[in-house]
Each structure stands twice: as structure tokens, then as C-alpha cells.
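J.: Residue-level listing of the chains:
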Amino acid sequence: MKIESTNKVKKGLAEMLKGGVIMDVVNAEQAKIAEKAGAVAVMALERIPADIRADGGVARMSSVGVIQEVMDSVSIPVMAKARIGHFVEAQILDSLGIDFIDESEVLTPADEINHINKQNFKAPFVCGATGLGEATRRIAEGASMIRTKGEAGTGNVVEAVRHMRTITNELNEVIACDENEIVALSKKFRAPLNVLEEIKEQNKLPVVNFAAGGIATPADAALMMQLGCDGVFVGSGIFKSGDPAERAEAIVIATTNYNDPKVLSEVSKDLGEPMVGINIDTLSEEEKLAKRGW
Amino acid sequence: MKVGILSFQGSFLDHSKSILELGHESLLIKQSKDLTSVDALILPGGESTAMKKINQFSNLLTDIDQLIKDGIPTLTTCAGTILLAKEVIGGEVTIPNIDIEVTRNAYGRQTESFEGSVKFFENEDIYCFIRAPKISKIFSDTVNVIAQHNDEVVGVVQKNVVSLTFHPELNNDEYYLNWLNDFIREGKNVRSF
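Going line by line, the protein sequences match chains S and A.
With the first letter of the first sequence counted as 1, position 223 gets the number 210 in our numbering; the numbers rise by one all the way through.
With the first letter of the second sequence counted as 1, position 97 gets the number 99 in our numbering; the numbers rise by one all the way through.
Note that these hints are calculated values from the structure, not bench results.
Watch out, some of these pointers could steer you wrong.
[Claimed, not checked] Covered, in the sense of this in silico footprint (three residues per stretch, anywhere, with C-beta under 8 Å from a C-beta of chain A), are these stretches of chain S:
id	region
1	11 to 19
2	22 to 36
3	74 to 86
[As the list claims (entries may be wrong)] Calculated pairs, DSBU-like style, for lysine-lysine (alpha carbon to alpha carbon, straight line, at most 35 Å):
id	chain 1	residue 1	chain 2	residue 2
4	A	Lys88	S	Lys109
5	S	Lys249	A	Lys35
6	A	Lys88	S	Lys19
7	S	Lys(-11)	A	Lys54
8	S	Lys23	A	Lys71
9	A	Lys161	S	Lys(-5)
10	S	Lys191	A	Lys88
11	A	Lys4	S	Lys19
12	S	Lys(-11)	A	Lys35
For each residue, glycine too, the CB sits at the ideal point set by N, CA and C.
Make the full structure from the sequences, and use the hints.
T.: Given below as C-alpha cells:
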């Protein structure tokens, strides 16, 4: 007997990515650099978040050509982004045989009320979250993996830290709560009760949770790992820096050895220029990508 | 008993959970200095290309290679099996310790990943195959088949090494845990060489 694309197989791929780094790439050449540097997966994009931010306008699913070029160039899993609520973009990605779909706030949302019903797809989904309510709603919709939203394309880790701390604190509140409190917590966090019950049973989030949005240095990656993330997405931080291959490798080593300051100082040497950062305070509310999603 | 689990990346925490459930001590090994007095080793699933790269920093796999050659009971799953294979199609040979050829991502991409029935020694159960490799050739009579999915070989033993292409650590069923316990305690099924 053989059944494809079960929930266990979808969540299982996320388990295999744990402790690793997933890198944004825009073509085959970058994908190969990422694979060689030790990425566990790549995210195929037409433009990286920093450029999406700079260009403005509507950001959509990347062209099928770019995605296929990346899929054909590497042996590691390839992810691609669909707009929030745009289930047809997700259907197209699924039919391409993509390994993971990111329903992402980095693209312009296509639906202001609904996220995609992720149960109906062969490929697993990863979704962004700023707190436990958002994370559990996405899990109830069928997400097999969660990531912090952070603030993509800024090279500023502060929002990712905020989101991870929020998720952890709210998670601890659920784990520690008396069984009579769980319904009230479900209302407080707007979190589906069945997912909260699952959390209480397992004493953890039922899916893998990665850091994303603003990670630019090996120290940023190690910080997010020490805060309890299972792995790291690096978007603009690598290919907007002075020496992408070197930086990519350093972030991979730092993510594995996140608890060893000696190793962290060694890999942080001679890395060249990091990407230029943006202070979150200078962004208007409309410019904050993390506000997208419901 | 102390079980060292290669923890560069991948499902090392799932294996650690199995070891703790059995009442053994689990050591997450990232650098050579972590590798002190272990009684058994596990090389988990993940991405073999990433593990190989992370290894370049500390060269931990050279020490692991020596321990395996010394005869320590070693279990590998999925990417771990690729690291120990003598020949690799679609990837690189790393520390060859088992006389098999494996083909990476042999079933296809994630959309072809599946749960399938596996006969593992005397027991039949359903296990996950995630972008799994296939054991495409066996080069030696001393390699014995211990697990099959339909007609495919999905698990072998040679001397002290047991190599699987599926993920028993995501199930932790009673049969697997009992087998694992024997394997760690006595090197049973493996020390017969």
C-alpha cells in the first residue's frame, strides 16, 4: 500500500529541514550557489523582498519560467510563493510539482478575508505568523510549517524577534493553563480550540516553526535559533550582501552551531558588507508587510 | 547507554525523542568535541548536501567514519544512508561504509513522497518516505536485506551498520523501539561479523 501527500508526509518534510537555512534565489545561478553553500531548500522568486519593497506595485507569484529554471538546477527542495488567498496561484505551483508553497505576505494579498484552504493540495504549505492566534489559524487551514513574518526585505531582525517572543509566550500560556481556561484562551488568541488542545497534549506547536523576515547576519540566525526557532529563512540578506556565497555558508554554519559563540565569531570574520538595513520606525503602516494576512 | 546523534541538521530531535523514550542518554553531536564515549550512533534524515557542507567546518564525519569502522552500532535513515553509501547516483560519496548504491530523490519530488507499507524484519507497518532515496544496487553478499516496501529494498544491514530509506523515528511504534533498544544494547543483529 502507498498513499501520497498525507499530512504526516507533508509535516515530515518540514521535520527534515529543521536546523537548516532556506534561501531566496531569483535564478539557477543563485540556486546553485545556495545549494553549494549548504541551504536545505531554496525559495524561487522573480524578485527578492528588498526589491519588491523598492519597486512597489503589485507583487504576484513568480513566473513559471523562473520557478522551473530553479527546480531544474538543484537537487534540494524548491519552494515558491503564492499570494494570500490566491488559491489558483497555489494550484499552478502544485501542478508544477513544487516541494513547498509559501502563502506569503511578501506578495500583495489577493483576498482580504480568506487564506487558502491548504488541505486540498499535494504540496505542503508554510505560512507567516506574528503570534499564536495567526499560527494556529494557519495550522487549522492545513499549513504544515509556520514561520515568523518578521519584516521582509529590511535586513532588520527586530520584528522577527518580536513575533518569535510573542509566539513563545502565548504558547507557554497555553501549555501552562488549567483545562478550564483553554476555551477562554481560544477566544483571547482567536485560536481554533482543536489546535490549542493539540498544543496542550504535545507541549509544543504541532508543526515546525522557522524564523523569517529581516535576518541578515550569522548572529541574526543564531539569535533566532537561541530564541527557539527550528531553522531560518534568509531572503534579501544573502544576495543583497557583498559576498553572497561566503555569507550564505557562514549563516548555515551559524544556524547549526547557534549555541557556540566561538564558532559564531569565527564565521562572522571577513564577511564583507551586509545588506543595507531599514529602520522599521521609518516605514509607514502601509509599507509594513507583516500587517498583511488575517 | 549513550547514543550520539549527528545533529548538523534534519530530524535529529525526532531520533533523540526515540532514544529518551527508551531510557537512554541522547547526545546531539555537532562537532568532534561532542563525540566522547558514545555506545551507538544515529545519522538522521535531512538534506545530505547541506550536511556535507556543514561537515567542512569541523570535519566531524572523519571521526564518525572511524567509530563506524571500529564497529560501533550505527543506524542511518534517508540522508544518513546517502552519507554512508559506497556509490551515490545524483549526489556525492561521503564516508562509504556500506556496500550499496543509492539513488537520491529516486521517487521524485515532495508531491511523490508517501506513506507506504514496509516489512521491517518480521513486522509490517506503515512508514513515511520523504523525497526518499532508493537502494539501487547491493555490491556484497555480506549486505542483508531487512526491510522491503512491495518488492523494493528499503533497509539493509552490513556488519554494524543498519541503513534505511524510510523514517521509523516519525512513528516510534513499539516494534521499532524494541528493535532499536536491542540494537543499541547489544549490537544484536550486527556484532555477528
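J.: Taking the hints in turn, state whether each one holds.
T.: Evaluation of the provided hints:
1. 11 to 19: violated (count 0)
2. 22 to 36: holds (count 7)
3. 74 to 86: holds (count 4)
4. Lys88/A - Lys109/S: holds (33 Å)
5. Lys249/S - Lys35/A: holds (13 Å)
6. Lys88/A - Lys19/S: OK: Lys88/A and Lys19/S at ~25 Å, within 35 Å.
7. Lys(-11)/S - Lys54/A: holds (31 Å)
8. Lys23/S - Lys71/A: With a Cα-Cα distance of about 28 Å, the restraint between Lys23/S and Lys71/A holds, given a limit of 35 Å.
9. Lys161/A - Lys(-5)/S: holds (32 Å)
10. Lys191/S - Lys88/A: Roughly 39 Å separates the two Cα atoms, so the pair is violated.
11. Lys4/A - Lys19/S: Judged against 35 Å, a Cα distance of about 38 Å means the pair is violated.
12. Lys(-11)/S - Lys35/A: violated (42 Å)
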